[in-house]
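Below are the chains, spelled out letter by letter.
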Amino acid sequence: MLVAQDVHRHFEGMHAVDGVSLDVPRGQITGLIGPNGAGKSTFMAVVAGTLPASAGRIFFEGADITRLPAYRRARLGLVRTFQLPSEFARLTVLENLLVAAPHNRGDSLFGALMGRRYWREDEERLVTEARGLLKRFGMSAKESDYAGLMSGGQKRLIEIMRALMLHPRCLLLDEPMSGVHPRVVEQIRYYLQSLRAEGLTILMVEHELHLVEQLCDSVFVMAQGKLIGSGTMAGLRRQREIVDAYLVG
Amino acid sequence: MNTYYAANLLIYAGVDIIAVLALNLQFGVSGIVNFSFIVFQAAGAYAAAVLSMPPHTAADYSFQVYIGGYQLPFPIPWIGGALAGALLAIPVGLVVLRKLRSDYQAIALLVTSIIANTVINNARPFLNGAAGLALVPQPLQDQVDTNTDSYLYLYIALTAVCVGLVWFVAARIVNSPYGRTLRAMREHELAATALGKNPVALKMTMFIVGGAIAGLSGAILVGFLTVWAPSTWLYPETIILFAALIVGGRGNNLGAILGALLVPVGFEEVTRLMIRLNIGPPNLIPALEWVVIGLFILGFLWFRPEGVRPEQRHVFEGSPHPEIEDRVVAA
Chain A
0 MLVAQDVHRH FEGMHAVDGV SLDVPRGQIT GLIGPNGAGK STFMAVVAGT LPASAGRIFF
60 EGADITRLPA YRRARLGLVR TFQLPSEFAR LTVLENLLVA APHNRGDSLF GALMGRRYWR
120 EDEERLVTEA RGLLKRFGMS AKESDYAGLM SGGQKRLIEI MRALMLHPRC LLLDEPMSGV
180 HPRVVEQIRY YLQSLRAEGL TILMVEHELH LVEQLCDSVF VMAQGKLIGS GTMAGLRRQR
240 EIVDAYLVG
Chain B
0 MNTYYAANLL IYAGVDIIAV LALNLQFGVS GIVNFSFIVF QAAGAYAAAV LSMPPHTAAD
60 YSFQVYIGGY QLPFPIPWIG GALAGALLAI PVGLVVLRKL RSDYQAIALL VTSIIANTVI
120 NNARPFLNGA AGLALVPQPL QDQVDTNTDS YLYLYIALTA VCVGLVWFVA ARIVNSPYGR
180 TLRAMREHEL AATALGKNPV ALKMTMFIVG GAIAGLSGAI LVGFLTVWAP STWLYPETII
240 LFAALIVGGR GNNLGAILGA LLVPVGFEEV TRLMIRLNIG PPNLIPALEW VVIGLFILGF
300 LWFRPEGVRP EQRHVFEGSP HPEIEDRVVA A
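Chains A and B, in that order, are what the protein sequence lines are. Its first residue numbered 0, the first sequence is counted upward by one per residue in numbering that gives the first Met the number 0. Its first residue numbered 0, the second sequence is counted upward by one per residue in numbering that gives the first Met the number 0.
Everything labelled a hint here was simulated from the structure, so no lab data went into it. Glycine included, C-beta positions come from ideal geometry on N, C-alpha and C. Be a bit skeptical, because a hint or two may be false.
Each computed EDC-like pair below joins lysine to aspartate or glutamate, with the alpha-carbon atoms no more than 20 angstroms apart [claimed, not checked]:
no.	chain 1	residue 1	chain 2	residue 2
1	A	Lys-134	A	Asp-144
2	A	Lys-134	A	Glu-174
3	B	Lys-98	A	Glu-11
4	A	Lys-134	B	Glu-316
5	B	Lys-98	B	Glu-186
6	A	Lys-134	A	Asp-63
Calculated from the model, a selection of chain A residues having no Cβ within reach of chain B, i.e. all distances over 12 angstroms [claimed, not checked]:
no.	residue
7	Thr-41
8	Glu-60
9	Ala-62
10	Glu-212
11	Val-242
Between the sequences and the hints, there should be enough to build the whole structure, so can you do that?
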């Protein structure tokens with residue numbers, strides 16, 4: 000579904016991503032692991048279009064998206080979350096979700112100037128949809144609170160719900176459990192499993208290897224910008240050079 | 000208080016309200032730190048002037064040189080002023096808003112303001128240089144005697160209509176899903192991009208809309224003053240408008256209006272009155288005026304960054320928190 004071919008990203012001579020090729024299968028959770036500084040987040044940013052690739056090609060659903068800007072990749076259904084919380088702090092939790100919703104007639108200058116009657120129907124439909132997600136993720140009571148006042152775990156949930164409002168075909172999650180209370184980690188793990196069961200494709204960077212083992216169907220390992228291995232977590236644990244690279248960095 | 004003074008105050012209030020509402024759309028809602036805002040007001044004023052003035056070769060006008068001179072009837076000069084502001088926003092926006100980070104955008108726009116003023120100051124054949132334009136015809140002056148109180152009331156009414164129009168546009172934008180997207184971009188541009196929003200298009204649109212409104216405010220002002228020169232649109236004028244928005248409340252149209260009434264109108268009138276009362280040595284009050292405006296900005300950013308009227312929270316019908324007081328019922 001998502002294919003990277005010999006992707007490079009250089010920063011003034013430093014090879015943050017150095018010839019990574021991988022294939023993310025449809026309907027699975029694929030893990031991307033590696034030590035700090037391995038280039039995982041940079042690779043995710045290149046795939047999402049937030050950073051341009053220095054070389055290589057990226058295909059999504061068979062189409063070459065290498066030159067597409069980030070916002071157009073998102074509109075195709077390739078949606079990312081960030082390593083650090085990226086909520087819209089002075090918008091409410093419900094508004095955070097509504098921002099992401101496509102197909103709202105009021106989300107253009109023309110639509111805005113036409114007035115509420117022009118876009119009310121779309122807005123009501125999307126509010127209902129967003130409230131459904133809030134209920135599913137156990138955050139209904141927070142809908143009118145400012146997103147900036149939520150806990151770290153709740154901000155992670157907002158990011159995931161926000162991405163889901165776009166009806167993504169592939170989610171790129173950058174350390175969705177980092178800095179999150181263990182109870183919320185369990186929540187996120189449960190939601191990701193249920194999203195996979197619904198057919199969503201997920202590529203996920205994660206440091207907690209026991210979670211990767213529980214969640215991911217297959218795993219890619221990066222170190223020093225390169226892909227050094229792939230397979231199941233159990234299989235990777237048996238490869239000495241992978242363990243060394245991960246531990247030594 | 001005589002009629003002219005009251006009219007002067009009301010028309011300035013109208014112009015400042017229009018300008019601060021435009022700046023609120025750009026800075027308060029969209030997060031564009033437009034330090035060249037006054038240039039767009041000036042563009043509107045110059046455009047309205049040269050559209051309404053006769054050619055510079057005409058009798059009584061030969062003491063100045065300028066391009067244009069089309070003698071077009073009202074309201075074409077005002078529409079032209081708005082168009083000039085919008086058109087100027089396109090090249091400036093394309094240069095500044097596409098590649099630069101927001102802090103560098105602010106610096107680039109400040110530099111643009113200084114360059115524009117310097118160029119107009121020195122390029123005399125274009126818009127009469129530092130001396131500026133004079134004898135700019137007033138709207139409808141060939142149909143109404145402009146030296147009467149009735150004309151002042153008419154001008155106030157025309158200004159009020161424009162304030163109403165700009166309020167309508169600003170309110171529709173701020174309270175719509177589009178306004179929500181602009182606020183999201185202001186809060187976290189990268190995250191908005193990752194949700195399929197095109198920040199360059201959003202910023203360009205608000206830059207052009209704001210430019211048009213700024214241009215209209217300049218057209219209204221020049222029609223009333225009948226003169227316009229580079230000394231009236233130095234870059235600190237933009238800082239006064241920013242002060243108004245910071246004091247009034249960023250992201251809130253009512254806050255923008257309140258700020259316009261408190262800072263450019265109220266505060267400047269108070270200082271003008273103090274000058275008339277000969278308080279302190281000469282030039283003390285004008286010098287202190289800038290100090291106090293600077294302290295206003297610092298004080299509010301430090302103690303009340305959200306301003307007197309903070310941005311309202313958008314709460315939807317059926318919210319589990321109906322007790323929230325600052326709600327705007329949406330959808």
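Evaluation of the provided hints:
1. A:Lys-134 to A:Asp-144: 15 angstroms, holds
2. A:Lys-134 to A:Glu-174: 23 angstroms, violated
3. B:Lys-98 to A:Glu-11: The given pair, whose Cα atoms are some 19 angstroms apart, holds under the 20 angstroms limit.
4. A:Lys-134 to B:Glu-316: Given that 20 angstroms is the threshold and the Cα spacing comes to 16 angstroms, the pair holds.
5. B:Lys-98 to B:Glu-186: 18 angstroms, holds
6. A:Lys-134 to A:Asp-63: Violated. Lys-134 (chain A) to Asp-63 (chain A) sits at ~37 angstroms, over the 20 angstroms cutoff.
7. Thr-41: Its Cβ never comes within 12 angstroms of chain B, the nearest being 14 angstroms, so this holds.
8. Glu-60: 16 angstroms, holds
9. Ala-62: 16 angstroms, holds
10. Glu-212: The assertion about Glu-212 (chain A) holds, with a minimum of 28 angstroms to chain B.
11. Val-242: Given a closest Cβ separation of 34 angstroms, the condition holds.
Consistency with the previously given hints fails for numbers 2, 6, ordered from lowest to highest.
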